[in-house]
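S.K.: Here are the chains, one letter per residue:
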Amino acid sequence: MNSSYPNKLIYIFSGLALLALAACSGPQVRYGDAKAVETITVDYGSTDLQSIAEAMARSLLQTKVISGSKDAPTVTVADVKNKTSEYIDTRVITDKIRTQLLKSGQVRFAVNINEMQNQVDELKRQNQSGLYKNSTVSKTGNMQGAKYRIEGSISSIVKQTKDVKDVYYVFNLNLINNESGLLEWADEKEIRKFATR
Amino acid sequence: MRITNIRPIFSIGLSALILLGCSSPPLRSGQAVPSAQKPIAETIKEEQKSIAVTNIFYKKEGANVKYVEEISNKYDSNASISGTASNAEKPGADSKNSDSKDIFSDIQTSAFPIKFTNISDFKPSDHPSIQKELEARLAADGIPVPPPSQNSSPVGSVNASSQLIKKAGIEKQAEYGQLRSFSAAIRGLLIKSGYKVVMANTAVPAANQGDDFFQVVERIKAGEFNGADYVMFGVLGEMSFTDNVEDIPGTKSTSQQIGLDLIVDFSLIDTKTYQVIVSFLAEGNGKEVRIDGRGNGFKPSMAKLMKQASVTLAEDVAKHLADQNFVTSTIAEPEIGRNYKRKPYDDDSTTLKIYTK
Chain A
4 MNSSYPNKLI YIFSGLALLA LAACSGPQVR YGDAKAVETI TVDYGSTDLQ
54 SIAEAMARSL LQTKVISGSK DAPTVTVADV KNKTSEYIDT RVITDKIRTQ
104 LLKSGQVRFA VNINEMQNQV DELKRQNQSG LYKNSTVSKT GNMQGAKYRI
154 EGSISSIVKQ TKDVKDVYYV FNLNLINNES GLLEWADEKE IRKFATR
Chain B
66 MRITNIRPIF SIGLSALILL GCSSPPLRSG QAVPSAQKPI AETIKEEQKS
116 IAVTNIFYKK EGANVKYVEE ISNKYDSNAS ISGTASNAEK PGADSKNSDS
166 KDIFSDIQTS AFPIKFTNIS DFKPSDHPSI QKELEARLAA DGIPVPPPSQ
216 NSSPVGSVNA SSQLIKKAGI EKQAEYGQLR SFSAAIRGLL IKSGYKVVMA
266 NTAVPAANQG DDFFQVVERI KAGEFNGADY VMFGVLGEMS FTDNVEDIPG
316 TKSTSQQIGL DLIVDFSLID TKTYQVIVSF LAEGNGKEVR IDGRGNGFKP
366 SMAKLMKQAS VTLAEDVAKH LADQNFVTST IAEPEIGRNY KRKPYDDDST
416 TLKIYTK
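Going down the list, the protein sequences come from chains A and B.
Residue numbering for the first sequence follows the numbering used here, starting at 4 and increasing by one per position.
Residue numbering for the second sequence follows the numbering used here, starting at 66 and increasing by one per position.
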């Protein structure tokens with residue numbers, strides 16, 4: 004019995020040391036696949052963003068207005084309205100679609116209304132400060148107007164019971180001819196997610 | 066054997082002759098080739114024919130409201146002398162917005178600083194010009210001229226009566242001339258395209274010429290275009306200056322836009338037949354934009370506006386000439402500003418991913 008007492012003390016101290024070590028160490032950081040499917044919650048997530056952007060860009064590039072045009076049509080991005088109850092940064096969706104369309108080389112984008120202040124400030128700096136060589140100045144009055152604009156909305160229907168939560172998202176995107184006001188293209192992407200306990 | 070060989074050869078030869086007979090006749094040299102789509106100016110180029118481009122003719126019309134007060138004097142020697150005592154003019158009024166009755170009533174309410182003459186106070190000696198003319202007429206009639214008197218009463222031998230006449234109306238004015246700064250770009254465009262351009266004589270408006278100033282055929286007959294085969298004649302339709310301030314959406318800034326717009330009616334005339342080859346209305350615009358310009362005392366450069374208007378006018382002229390098949394469309398459609406489709410970016414193939422269920 005006497006010999007077992009020091010052994011017990013050793014075990015206790017060892018356990019305490021392990022606990023102290025565990026407490027001192029930080030969180031483990033790892034890189035993951037940005038394109039990997041994320042299913043942590045049913046809320047709007049990165050996989051939804053990627054799937055919406057990819058589907059819309061692919062559909063838009065197949066439309067006759069763009070694929071059948073000799074020149075690259077100029078497009079601007081208007082608002083995508085968030086009609087869901089969640090906070091969704093819709094600018095990220097449109098930026099992602101715009102990036103994919105630009106990479107295709109089939110479309111050219113004019114600055115949108117949110118980027119206008121920077122554009123105007125830059126033109127004012129170059130044209131009105133008197134600091135720049137005239138031949139190198141980007142002149143006021145030569146901005147290109149977009150022939151088309153992209154606008155849309157994202158909506159959701161959420162149903163929840165004690166054990167199940169079902170979320171349905173629908174993302175609509177439209178391509179509108181600015182001059183004629185005609186809707187040249189429209190498509191939607193539906194996403195259904197549900198979580199069970 | 067021989068008969069069987071000759072028959073197929075004979076039949077082939079006969080069918081070939083029939084086919085030749087059915088085919089359309091070949092074009093011979095000297096025969097006109099149908100050239101509906103061939104630009105006229107290509108022929109002009111080949112034949113080294115010349116084009117004269119006139120300055121842009123204009124007519125500026127205006128109307129002034131005019132008021133004249135006239136005193137008519139009568140003497141017993143039957144001499145009648147008239148003199149304008151005073152007149153009033155109201156310039157800048159537009160004939161469309163004015164009415165002669167209103168103008169008259171306006172004048173009567175002393176809107177104009179007019180001195181009305183009392184007829185009974187009239188003395189010829191107070192008006193040296195009238196007195197001089199009176200003396201000359203009396204001398205011509207053999208009547209002795211009375212010496213000038215300081216007395217306010219009329220001279221005994223001359224009985225004078227005066228009549229005050231007031232006239233009001235609209236005086237129309239028309240100014241004819243040429244704008245010299247807008248044709249150079251058009252001439253340059255034609256020269257650059259390889260056409261022979263000759264200088265036209267400057268047209269100077271003559272007195273009382275009226276709208277005959279625009280008689281280009283008369284000028285052609287008078288040889289004012291130095292033997293040019295074609296004359297491009299432009300008449301200014303309208304010219305306007307604009308100055309507007311607008312908010313720029315999405316920013317806190319405003320843009321002040323100062324513009325010079327002109328519309329010119331062009332005709333291209335064959336100097337031999339006087340046939341109008343091409344006719345169109347071209348537009349030129351000069352624009353200066355100042356961000357947050359209003360309130361900063363910004364003054365636009367008229368020289369810049371005129372240059373821009375001239376260049377855009379020439380571009381529009383080229384477009385219309387191409388539309389009416391006078392020049393090749395390559396002059397009218399510069400490559401600048403076209404959005405050619407690009408090749409897709411070289412990127413990671415995983416950028417576009419397809420998500421499937």
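No lab work stands behind these hints, which were simulated from the structure alone.
The model shown is predicted, which means the values in this text are computed figures rather than measured ones.
One thing to keep in mind: the hints can contain errors.
[As the list claims (entries may be wrong)] Listed below are several chain A residues computed to face chain B (Cβ distance under 7 Å; list not exhaustive):
id	residue
1	39
2	42
3	123
[To be verified] Pairs of lysine-lysine residues, derived as DSSO-like cross-links and limited to a Cα-Cα distance of at most 27 Å, are as follows:
id	chain 1	residue 1	chain 2	residue 2
4	B	317	A	127
5	B	125	B	257
6	B	317	A	73
7	A	142	B	125
8	A	142	B	364
9	A	73	B	384
10	B	408	A	99
11	B	364	A	136
12	B	352	A	150
13	B	408	A	127
14	A	86	B	257
15	A	106	B	372
16	B	232	A	142
The C-beta atom is built at its ideal place from N, Cα and C for all residues, glycine as well.
S.K.: So, for every hint listed, does it hold in this structure?
M.R.: Outcome of the hint check:
Interface hint at residue 39/A: violated, since its Cβ lies 11 Å from the closest Cβ of chain B, which is beyond the 7 Å cut-off. Taken as an interface hint, residue 42/A does not check out: its beta carbon lies about 13 Å from the nearest beta carbon of chain B, beyond 7 Å. Below 7 Å, beta-carbon pairs count as interface contacts, and residue 123/A has one with chain B at about 5 Å; its hint therefore holds. Restraint check for residue 317/B and residue 127/A: satisfied, since their Cα atoms lie roughly 13 Å apart, inside the 27 Å limit.
About 33 Å separates the Cα atoms of residue 125/B and residue 257/B, which puts this hinted pair outside 27 Å; it is violated. Of the supplied pair hints, the one linking residue 317/B and residue 73/A is violated, its CA atoms being roughly 37 Å apart against a limit of 27 Å. For a cut-off of 27 Å, the pair hint linking residue 142/A to residue 125/B is broken: about 34 Å separates their Cα positions. Taking the CA atoms of residue 142/A and residue 364/B, the gap is about 17 Å. The hint holds against a cut of 27 Å.
For the hint linking residue 73/A to residue 384/B, the alpha-carbon distance of about 20 Å falls within 27 Å, and the restraint holds. Using a Cα cut-off of 27 Å, the hinted pair residue 408/B and residue 99/A holds, with the two alpha carbons roughly 19 Å apart. As the CA atoms of residue 364/B and residue 136/A are separated by approximately 20 Å, the hinted pair is consistent with the 27 Å bound. Taking the CA atoms of residue 352/B and residue 150/A, the gap is about 22 Å. The hint holds against a cut of 27 Å.
For the suggested pair residue 408/B and residue 127/A, the alpha carbons sit about 33 Å apart, so the restraint of at most 27 Å is broken. The straight-line distance between the Cα atoms of residue 86/A and residue 257/B is roughly 59 Å, outside the 27 Å bound, and the hint therefore fails. A C-alpha spacing of about 39 Å is found between residue 106/A and residue 372/B, which places the hinted pair above 27 Å, so the restraint is violated. Restraint check: the Cα-Cα separation between residue 232/B and residue 142/A comes to about 57 Å, which exceeds 27 Å; the hinted pair is violated.
Hints 1, 2, 5, 6, 7, 13, 14, 15 and 16 from the list above are not met by this structure, while the remaining hints are.
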